[in-house]
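**Student:** Here's the letter readout for the chains.
Protein chains: 4
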Amino acid sequence: MTDLMRFREHDAPAVRDPIFVEGLPGVGNVGKLAAQHLVDALDAKLWFDIFSHDFPPQVTIETDGTVRLVRNQVWVVPGGGEHDLVILTGDYQPLSSEGQFALVEGVLDRLDPLGCKRMYTLGGYGLGTTVETPDVLGAATDRALVEQLEGHGVKFQEDEPSGGIVGASGLFLGLGMERGMGGACLMGETSGYMVDPAAARAVLHVLGEVIGRTIDMTDLENKAAEIDRITQQLHEAEVAAREPGDLHYIG
Amino acid sequence: MTDLMRFREHDAPAVRDPIFVEGLPGVGNVGKLAAQHLVDALDAKLWFDIFSHDFPPQVTIETDGTVRLVRNQVWVVPGGGEHDLVILTGDYQPLSSEGQFALVEGVLDRLDPLGCKRMYTLGGYGLGTTVETPDVLGAATDRALVEQLEGHGVKFQEDEPSGGIVGASGLFLGLGMERGMGGACLMGETSGYMVDPAAARAVLHVLGEVIGRTIDMTDLENKAAEIDRITQQLHEAEVAAREPGDLHYIG
Amino acid sequence: MTDLMRFREHDAPAVRDPIFVEGLPGVGNVGKLAAQHLVDALDAKLWFDIFSHDFPPQVTIETDGTVRLVRNQVWVVPGGGEHDLVILTGDYQPLSSEGQFALVEGVLDRLDPLGCKRMYTLGGYGLGTTVETPDVLGAATDRALVEQLEGHGVKFQEDEPSGGIVGASGLFLGLGMERGMGGACLMGETSGYMVDPAAARAVLHVLGEVIGRTIDMTDLENKAAEIDRITQQLHEAEVAAREPGDLHYIG
Amino acid sequence: MTDLMRFREHDAPAVRDPIFVEGLPGVGNVGKLAAQHLVDALDAKLWFDIFSHDFPPQVTIETDGTVRLVRNQVWVVPGGGEHDLVILTGDYQPLSSEGQFALVEGVLDRLDPLGCKRMYTLGGYGLGTTVETPDVLGAATDRALVEQLEGHGVKFQEDEPSGGIVGASGLFLGLGMERGMGGACLMGETSGYMVDPAAARAVLHVLGEVIGRTIDMTDLENKAAEIDRITQQLHEAEVAAREPGDLHYIG
Chain A
1 MTDLMRFREH
11 DAPAVRDPIF
21 VEGLPGVGNV
31 GKLAAQHLVD
41 ALDAKLWFDI
51 FSHDFPPQVT
61 IETDGTVRLV
71 RNQVWVVPGG
81 GEHDLVILTG
91 DYQPLSSEGQ
101 FALVEGVLDR
111 LDPLGCKRMY
121 TLGGYGLGTT
131 VETPDVLGAA
141 TDRALVEQLE
151 GHGVKFQEDE
161 PSGGIVGASG
171 LFLGLGMERG
181 MGGACLMGET
191 SGYMVDPAAA
201 RAVLHVLGEV
211 IGRTIDMTDL
221 ENKAAEIDRI
231 TQQLHEAEVA
241 AREPGDLHYI
251 G
Chain B
1001 MTDLMRFREH
1011 DAPAVRDPIF
1021 VEGLPGVGNV
1031 GKLAAQHLVD
1041 ALDAKLWFDI
1051 FSHDFPPQVT
1061 IETDGTVRLV
1071 RNQVWVVPGG
1081 GEHDLVILTG
1091 DYQPLSSEGQ
1101 FALVEGVLDR
1111 LDPLGCKRMY
1121 TLGGYGLGTT
1131 VETPDVLGAA
1141 TDRALVEQLE
1151 GHGVKFQEDE
1161 PSGGIVGASG
1171 LFLGLGMERG
1181 MGGACLMGET
1191 SGYMVDPAAA
1201 RAVLHVLGEV
1211 IGRTIDMTDL
1221 ENKAAEIDRI
1231 TQQLHEAEVA
1241 AREPGDLHYI
1251 G
Chain C
2001 MTDLMRFREH
2011 DAPAVRDPIF
2021 VEGLPGVGNV
2031 GKLAAQHLVD
2041 ALDAKLWFDI
2051 FSHDFPPQVT
2061 IETDGTVRLV
2071 RNQVWVVPGG
2081 GEHDLVILTG
2091 DYQPLSSEGQ
2101 FALVEGVLDR
2111 LDPLGCKRMY
2121 TLGGYGLGTT
2131 VETPDVLGAA
2141 TDRALVEQLE
2151 GHGVKFQEDE
2161 PSGGIVGASG
2171 LFLGLGMERG
2181 MGGACLMGET
2191 SGYMVDPAAA
2201 RAVLHVLGEV
2211 IGRTIDMTDL
2221 ENKAAEIDRI
2231 TQQLHEAEVA
2241 AREPGDLHYI
2251 G
Chain D
3001 MTDLMRFREH
3011 DAPAVRDPIF
3021 VEGLPGVGNV
3031 GKLAAQHLVD
3041 ALDAKLWFDI
3051 FSHDFPPQVT
3061 IETDGTVRLV
3071 RNQVWVVPGG
3081 GEHDLVILTG
3091 DYQPLSSEGQ
3101 FALVEGVLDR
3111 LDPLGCKRMY
3121 TLGGYGLGTT
3131 VETPDVLGAA
3141 TDRALVEQLE
3151 GHGVKFQEDE
3161 PSGGIVGASG
3171 LFLGLGMERG
3181 MGGACLMGET
3191 SGYMVDPAAA
3201 RAVLHVLGEV
3211 IGRTIDMTDL
3221 ENKAAEIDRI
3231 TQQLHEAEVA
3241 AREPGDLHYI
3251 G
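Protein chains in written order, with the numbering used here: chain A, 1 to 251; chain B, 1001 to 1251; chain C, 2001 to 2251; chain D, 3001 to 3251.
Keep in mind the hints are simulated off the structure, nothing from the lab. Honestly, I wouldn't trust all of these hints.
[Said to hold, decoys possible] Some chain D residues flagged as far from chain A (calculated, every beta-carbon gap over 10 Å):
{"hint": "1", "residue": "Asp3011"}
{"hint": "2", "residue": "Pro3057"}
{"hint": "3", "residue": "Gln3073"}
{"hint": "4", "residue": "Leu3127"}
{"hint": "5", "residue": "Thr3133"}
{"hint": "6", "residue": "Gln3157"}
{"hint": "7", "residue": "Gly3208"}
{"hint": "8", "residue": "Val3210"}
[To be verified] Cross-link-like lysine to any residue pairs, in silico, SDA-like; alpha carbons within 20 Å at most:
{"hint": "9", "chain 1": "C", "residue 1": "Lys2045", "chain 2": "C", "residue 2": "Gly2081"}
{"hint": "10", "chain 1": "A", "residue 1": "Lys117", "chain 2": "A", "residue 2": "Gly80"}
{"hint": "11", "chain 1": "D", "residue 1": "Lys3117", "chain 2": "D", "residue 2": "Glu3178"}
{"hint": "12", "chain 1": "A", "residue 1": "Lys155", "chain 2": "D", "residue 2": "Asp3064"}
{"hint": "13", "chain 1": "C", "residue 1": "Lys2155", "chain 2": "C", "residue 2": "Leu2127"}
{"hint": "14", "chain 1": "A", "residue 1": "Lys155", "chain 2": "D", "residue 2": "Lys3155"}
{"hint": "15", "chain 1": "D", "residue 1": "Lys3155", "chain 2": "C", "residue 2": "Asp2064"}
{"hint": "16", "chain 1": "A", "residue 1": "Lys223", "chain 2": "B", "residue 2": "Asp1159"}
{"hint": "17", "chain 1": "D", "residue 1": "Lys3117", "chain 2": "C", "residue 2": "Arg2068"}
{"hint": "18", "chain 1": "A", "residue 1": "Lys45", "chain 2": "A", "residue 2": "Ala14"}
{"hint": "19", "chain 1": "B", "residue 1": "Lys1155", "chain 2": "A", "residue 2": "Asp64"}
{"hint": "20", "chain 1": "D", "residue 1": "Lys3155", "chain 2": "C", "residue 2": "Arg2068"}
Predicted model only: the values in this text are computed from it and were never measured. Just so you know, even glycine gets a beta-carbon here, dropped at the ideal spot from N, CA and C.
Only chain A is shown next, with the shape it has when bound in the complex:
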């Protein structure tokens, strides 16, 4: 436990010049949903487990009643003609700012020798209101990439997000720049009220175009339809709960 992050390596990857993709829990869990979907849809191989006492001291419970220590995981997708991918996802972001730096620097230390020069970090952009068709907002390490992403429909808005990008999605860009890696953060618009597979789908749609990969979205679309159904039921239950005589009390 001398280091804040403990990397446990599984099979070393045979990847070269990979594109790095990060998606950890955050607003609407958009980044995590998107990255986890990539891992599943592209049949990624596990490269690293990452444990830390800067994650909560916790086990999660699987559907079969067994437990599993919370962790982050780094996955590898061989290229098949396209760029190899390295994908980071996990149960939690580090709890402290020091842990955030340790996670990001630790992953960058392992990406550097592979010749990684491009990264995309995925997240949600909370609007606080329902979104019909989520746009994707962007922020990038250089102007050339800003312009390239605008060509894929990504929006760049002055002063948005006004607080900057906090957490791993921002820090990978900021610390990657110091090592000569360029990249962008892709943020799917979301209400922020619940997990949002539709926003994850919007983000992956852009990412697929940019990295030249076809990503089967069926599973995410099913999840989004399920969330839509639940939202609709909640809405109807709320309407039903309003008796006519009470209508003027609703503010």
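For chain A, the structure is supplied; the task is to place chains B, C and D on it using the hints.
**Tutor:** Just chains B, C and D now, kept in the frame of chain A:
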């Protein structure tokens, strides 16, 4: 003070292949009540005091006016034909995630050489409502143990607890697994509103069956009756405080 | 800045077998008021300044407009026939539990070689209601001292304070015991709503008897009278603010 | 990442006996606005970037859509007949007390060899109410400087700020004193409700007199006029929102 946890050893135990039991403060103090009851009922011997600046900087006051630095304690119960037991209890769980890891790793370091392969961590499962006859929920490190515990009436529910198991009861399982130790967390259903000896009794009932030990529950049953009496008095006082004319205000 | 606490020594003291007295900010600032009064009334000499990044990053402003880095201070009072005294007071208690341990261990490291075997820690016991004549509650490291202090009118109540003694006043006793030093915490009853020189006076009255020193209380008594005067004015202003017609609104 | 603060040096400055000026975010952002204005108005050269995991793990987003890791910066202004200046500004103050000490000691370590003997730290003094013409409050390391600053209209009030000066503006004075550097904190009165260029202007007016430099205030005055305009619009909108019939509801 170079280490976060300071272990002060008393008489070294003559135990082999012990079963480890953990019960520290938490929801309804179920785990601590159960572990402390085990220590008292089985006449356990003190093995370690554990001090830490990751416990609150505090002394407790005994009934005779003297003070005692807050601590955790590891106790030993010789087998007498059954498995030896090692029991951890204490005044507080560590304050930080780092302290949680240091406590758990420190105790595992001392269990390892004894050949410990089985652990039960004890806790409460807060329902937020009164419980007539508390069930015991479980989570385990492997399917075989899940099935064995189901045979003792332990319930395993998909997605419960939905937040996983936070704190020492989860971490002992998660970090023990990394060392090849298996085990389960036994959680007694409790309202979570006050200390709950009835939930502790339910947990110990299962534990006694599983480890093949008879545990005298008289003291816990007396405490549970006392809590029932207080709850009943509070309830009657509340009812008495409602004047007839106010009844329609009670929501 | 390798150590959490930085001790800057002034003139080394010529003291032997001193009694240690601690009074840092806390409930009603009773401990700090009492210890600072001791320093002033007994014309103590400064032995150590203690600086730490576990105190707030702050300067205080003196009445002449100049600033002073927040600190703790250790003072020495030569015996003059009685026991020498070493007194700790200061602007803040350490912010973290780790800092509390570092402060207490650091001071004990410097008391040990002097042959210090007895300590009194001073504080307030918050009642949440106005106190006419404050009693002094106690907690001690051994039964003999409990009985001796009862002879000086100190009250020892089962389960009071129910949360134990948190902070330096508790930790000096708890960590001192580990080194064979005995002592007691003296807690003056106070409302806890404002600084309370009357409670400090009650605590020092007991301390003076126990250590066999006459302490001139004039200054504390003047401060207590001033607080009484302010409290009375506040009370009168509150009464005056109630117009007759509003009386039934006052809850 | 062995050190809490990472200093990345750009061109080393050719400065001697500089005056140090600090302005980091705080009440009304007065200090940061003032220091940043100095950097712009005096065409300062960048000397150091300072990164830390004790700043938030965050990138800011520039107006062109590109990102930038949060940081502090140290700037140099050659004298041109007057004292050279070294100016510290940045996106954040360190998050922890330990980080505050590390930042201040790290900057002082680099000021010491230059022969720096004088510093001014800039900040806001929150009144909680609108200020027509902000005064400048002061606190200094010695009486001679208090008296000199009174000659420039700086107010020194007993017990103000009552909580002392917290953060870098206080700590630079307190830790600078330990190294034989003298200086003062200049605090512009501000409501504290929004960024306050008028208070920054008041602070710089005094600073300019004291260090014998003419500072073009046009930009700050434009910003102050803009804030005045926004405040006026908010006030009018609030008044307009009150319909006559609702007036008795306004509390």
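**Student:** All hints are to be evaluated individually against the structure, with a verdict given for each.
**Tutor:** Structure-based check of each hint:
no.: 1; hint: Asp3011; verdict: 19 Å, holds
no.: 2; hint: Pro3057; verdict: 4 Å, violated
no.: 3; hint: Gln3073; verdict: 15 Å, holds
no.: 4; hint: Leu3127; verdict: 26 Å, holds
no.: 5; hint: Thr3133; verdict: 31 Å, holds
no.: 6; hint: Gln3157; verdict: 35 Å, holds
no.: 7; hint: Gly3208; verdict: 31 Å, holds
no.: 8; hint: Val3210; verdict: 35 Å, holds
no.: 9; hint: Lys2045/C / Gly2081/C; verdict: 17 Å, holds
no.: 10; hint: Lys117/A / Gly80/A; verdict: 19 Å, holds
no.: 11; hint: Lys3117/D / Glu3178/D; verdict: 12 Å, holds
no.: 12; hint: Lys155/A / Asp3064/D; verdict: 12 Å, holds
no.: 13; hint: Lys2155/C / Leu2127/C; verdict: 15 Å, holds
no.: 14; hint: Lys155/A / Lys3155/D; verdict: 50 Å, violated
no.: 15; hint: Lys3155/D / Asp2064/C; verdict: 12 Å, holds
no.: 16; hint: Lys223/A / Asp1159/B; verdict: 18 Å, holds
no.: 17; hint: Lys3117/D / Arg2068/C; verdict: 18 Å, holds
no.: 18; hint: Lys45/A / Ala14/A; verdict: 11 Å, holds
no.: 19; hint: Lys1155/B / Asp64/A; verdict: 12 Å, holds
no.: 20; hint: Lys3155/D / Arg2068/C; verdict: 18 Å, holds
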